[in-house]
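Asker: Could you build the full structure based on these sequences and the hints that come with them?
Residue numbers (full-length UniProt numbering): 1 to 209.
Simulated from the structure, these hints should not be mistaken for laboratory data.
Where hints are given, some of them may not hold.
Simulated pairs of lysine-lysine, BS3-like, Cα-Cα distance not exceeding 25 Å [stated by the list, open to error]: (1) K109 - K76; (2) K121 - K87; (3) K121 - K109; (4) K76 - K87.
Cβ-Cβ distance ranges computed for the label pairs, FRET-style [stated by the list, open to error]: (5) Q70 - D124: 16 to 26 Å; (6) D90 - T205: 46 to 56 Å; (7) D157 - E193: 13 to 23 Å; (8) E120 - Y207: 19 to 29 Å; (9) E120 - P182: 28 to 38 Å; (10) T178 - G106: 32 to 42 Å; (11) V6 - G88: 24 to 34 Å; (12) T205 - V6: 49 to 59 Å; (13) D124 - E195: 22 to 32 Å.
Note that CB positions come from ideal geometry on N, CA and C, so glycine has one too.
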Amino acid sequence: MQKGEVEEAVKVLTEQIEKVPTDVVAYINFGNVLLSMGDVERAARFYDRAIEIDSNVPTVYYSYGNLYYQAQEYTKAAQKFQMALEKGLDEADVYFMLGISLLNQGEAKLAMPYLLTATEKNPDDIEAWFQYALVLAQLSLFDEAINAFNQVLAMDDTHADALYYLGTARLMNGEDSTIIKPLFEKVVTLQPEHEMALSALDAITAYEK
Numbered sequence: 001m002q003k004g005e006v007e008e009a010v011k012v013l014t015e016q017i018e019k020v021p022t023d024v025v026a027y028i029n030f031g032n033v034l035l036s037m038g039d040v041e042r043a044a045r046f047y048d049r050a051i052e053i054d055s056n057v058p059t060v061y062y063s064y065g066n067l068y069y070q071a072q073e074y075t076k077a078a079q080k081f082q083m084a085l086e087k088g089l090d091e092a093d094v095y096f097m098l099g100i101s102l103l104n105q106g107e108a109k110l111a112m113p114y115l116l117t118a119t120e121k122n123p124d125d126i127e128a129w130f131q132y133a134l135v136l137a138q139l140s141l142f143d144e145a146i147n148a149f150n151q152v153l154a155m156d157d158t159h160a161d162a163l164y165y166l167g168t169a170r171l172m173n174g175e176d177s178t179i180i181k182p183l184f185e186k187v188v189t190l191q192p193e194h195e196m197a198l199s200a201l202d203a204i205t206a207y208e209k
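Answerer: This is the structure in structure tokens:
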């Protein structure tokens, strides 16, 4: 939000809260504005107040989860996103953020079903597909990972990281490196300084010699 927009939002929300002190949505939106300004402590106070008024409004837990995620407190973020789901916020973004929060705690196996659900609820979300594919590869589910990386590339065939990890997954799945080599070459064409793809090409070239 631009400075003028923030000031206007603060003015409108302040007036609304003064008029209706139990307006949960106003408190949540005020917290969101404060969070966008980097005022984490005050944002948390507004979220807490919203929960005091009505603890069954799911969007406050999603907003609170984003606060903790931005602060890199992934355990607390996951707890809040889980609460949002339990309170009925059955949306792709919640599943995605819960999955990513778990992933940032090293819990790939727990993250996988949430990321899968995110792709099912929003099949056009390229980032959800990419993160889901990475988790599958991390869990050595290479056939499934290959399919997921191909989904990413069907939406964006210039996604260099998806190309690289597709090549890696296919190598790990037993395909011959000479067949995979053009994938890494395409990555380098797209991103000449893609270090992992350059290293993979060096390794394949050395193996061929």
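Asker: Looking back at the hints listed earlier, which ones does the structure fail to meet?
Answerer: Of the numbered hints given earlier, the structure breaks just one, which is hint 8.
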